[in-house]
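We have chain A already, so just place chain B on it with the hints.
Those protein sequences? They're chains A and B, same order as listed.
If you count by numbering that gives the first Met the number 0, then the first sequence holds residues 0 to 183, one letter each, in order.
If you count by numbering that gives the first Met the number 0, then the second sequence holds residues 0 to 436, one letter each, in order.
Don't read these hints as lab results, they were simulated from the structure.
Warning: the hint list may mix true and false statements.
Stated by the list, open to error - Calculated cross-link-like contacts (lysine-lysine; reagent style DSS-like; alpha-carbon spacing at most 25 Å):
| # | chain 1 | residue 1 | chain 2 | residue 2 |
| --- | --- | --- | --- | --- |
| 1 | A | Lys56 | B | Lys68 |
| 2 | B | Lys431 | B | Lys277 |
| 3 | B | Lys431 | A | Lys57 |
| 4 | B | Lys274 | A | Lys76 |
| 5 | A | Lys161 | B | Lys68 |
| 6 | A | Lys56 | B | Lys253 |
| 7 | B | Lys253 | A | Lys66 |
| 8 | A | Lys57 | B | Lys253 |
| 9 | B | Lys277 | A | Lys57 |
The structure displayed is predicted, hence computed values, not measured ones.
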Amino acid sequence: MTNFTYDMGKDNTDTTKPLNAFWGNIFSRFKGGGNIPNVEFLKLCPIFQHLNNRELKKLSPLIYERKYQAGEFLFEKEQPGTAMFIIKSGHVKIVVPGHNGEETELATIHPEDFLGELALLDDTPRSASAKAVEKTEALAFFREDLNELLETNPAIGSKIMKDLAIVIGQRLKACNEQLYGGSE
Amino acid sequence: MSNDSGHKNPETNADIRSSSRRQTRRIVFIVTAILVVLTGGFLVWSLRPIILPIIIGTLAAYICFPLLKLFTRAGIPRGAGILLLFGSFFIVIIIIANQVGSLIPDEREKLILKTRFQYKLNERYKSFMGLDDAGEGGTMLYRYFSSDFDNFLNSVNSFIRLDNEERGKFMKYLDGYNNKPPIPLKYYEYYHKNLDTNHEGTEDKTAGDLSGKTAEKDAGKDEFHFTVVMNAFKLWIIMPFVFLFLLLDNGEIKRFFVSLVPNRYFEVSLAVFDKVDKAIGNYLRGILIECSLVGVSYIVLFSVIGFEIKMAVMIGLAAGMATAIPIMGFGIAFVLGSSYALIAESVSSIIPFITSHNLIIAVAVVVLMVMVLDNGVFQPVVVGGAVSLHPLVVFIGIMGGSMLFGFAGLILAIPTIVLVKEIVTTLFRELKDYSLI
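Pulled out of the complex, with its shape left as it was, chain A reads as follows (with noise of 0.2 Å):
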């Protein structure tokens, strides 16, 4: 495996770290993850973070836990996008394939930080893969049920959906700082 670089004499894990703003968790209020249940889980995902308890049990139940073996893969890269994840114990990286089969590694994904959200908008192809380091848990939250939850329940749709766009509004100007910023 090839770790990405922009200066292919620096060490791998400060090399990785430019490109975190984009796949890490950059809101991430709690380190730690440990075995707790998907409610109170669910709560330090920033995409949830403004849902009280009673929606959050509501929304608990549209939610799949998956276990994947070191070396599975969470989804990969050009196949459509269907659901977002929240990795709850266990490590993930985001990889790019290579030609030669080599794989381009961008990030690595720790408990509590979430993947793939813009799964949760349309089915545009994945842009990289995910692929599990270690034995990994995580909850996966599907494109369809956030769809109907803005329909059944719009109080809590439209939360997660002023949530997800400032996430992805924030991951934009972290990306625009370390591109534009590095070049000054």
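This is chain B only, laid out in the frame that chain A set:
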């Protein structure tokens, strides 16, 4: 990664372990899938009497899902919405059972209908063939094929004529029986004419003798009817529960099945579930609306051409329901409509030139009009082109379904084929999109 062989060996061993684990998983998955399919097939076959109530309960729930969403959106709590729908479902079932029960002819009306049908059929036959009351004369066509036509008519007569027991009952109802009004004398004349046609003049006498015997049988028959009703009740009681539990389900069934799906197919399974669910939901709701529109069109148009309201409603309901089966609805409407046109005594149509003699032509026109309306307006607007089946598939499906599962198979063959077709096409399309095949 340029490590020595001492570091490479554990990796190779890990690869082998991982590969063997994958293979074991695959074998377990295939064996489980085969067992599930075999057990499912065995259960479907063994429990086929309750398939129809289960499927009807499921369909009703499917149709009600958007209503439940609407209630939730309007701020009605989910539990209250379910209660409301369940209550409405019960009320609708009771009303339908009541209305259909009142529309279905009772024993007396069945005897009258059969008598009328046989009499009118023979009368129309004579008039069409140019025969006089004594059966003499006849058109050129009749003279050439008289024996063939007569044989055909005799076989129809022997099929529809009243048997000994029915004749006994007819005689009893003639003077009023079982709190029913006496049969009008006009039909007694028909009855006699039919007996002459059957060349069984002596039957009248035996019919009188038989009336006593049939009375004894009545008590036993009532008991038999009670058992039939109880058996039907035992089977159909499952329907409201299926309806209720499906409405109560908050995605648990879907999540259970998705949890069985390997990680590699997780997202594709979600996409397939969603698309199939939407397509089937739209198809079922579309078909329900189409059937209702076709049924209402028949009721209105048959009433306009002069059918008794009761008969127009009966034929409209039957043809409307049969519309779920392509081609079948029109066939049923035409057969039932023309049968009624054959026995119609007096026609009170708001269209002046329709009489009992040309009523059958009006029936054909009505069926044609509804066919055009259905194909040109109802289907494109409500069902859309989402599900189109080849006529051969429809034919084989109906035949196969009725041979395997009887009436339930006949009714459910097409929706089942549509379901399977939708699952297979969506599955393959999504697997291709996900580059899995």
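Determine which of the earlier numbered hints do not hold for this structure and return their numbers in increasing order. Of the numbered hints given earlier, the structure breaks just one, which is hint 3.
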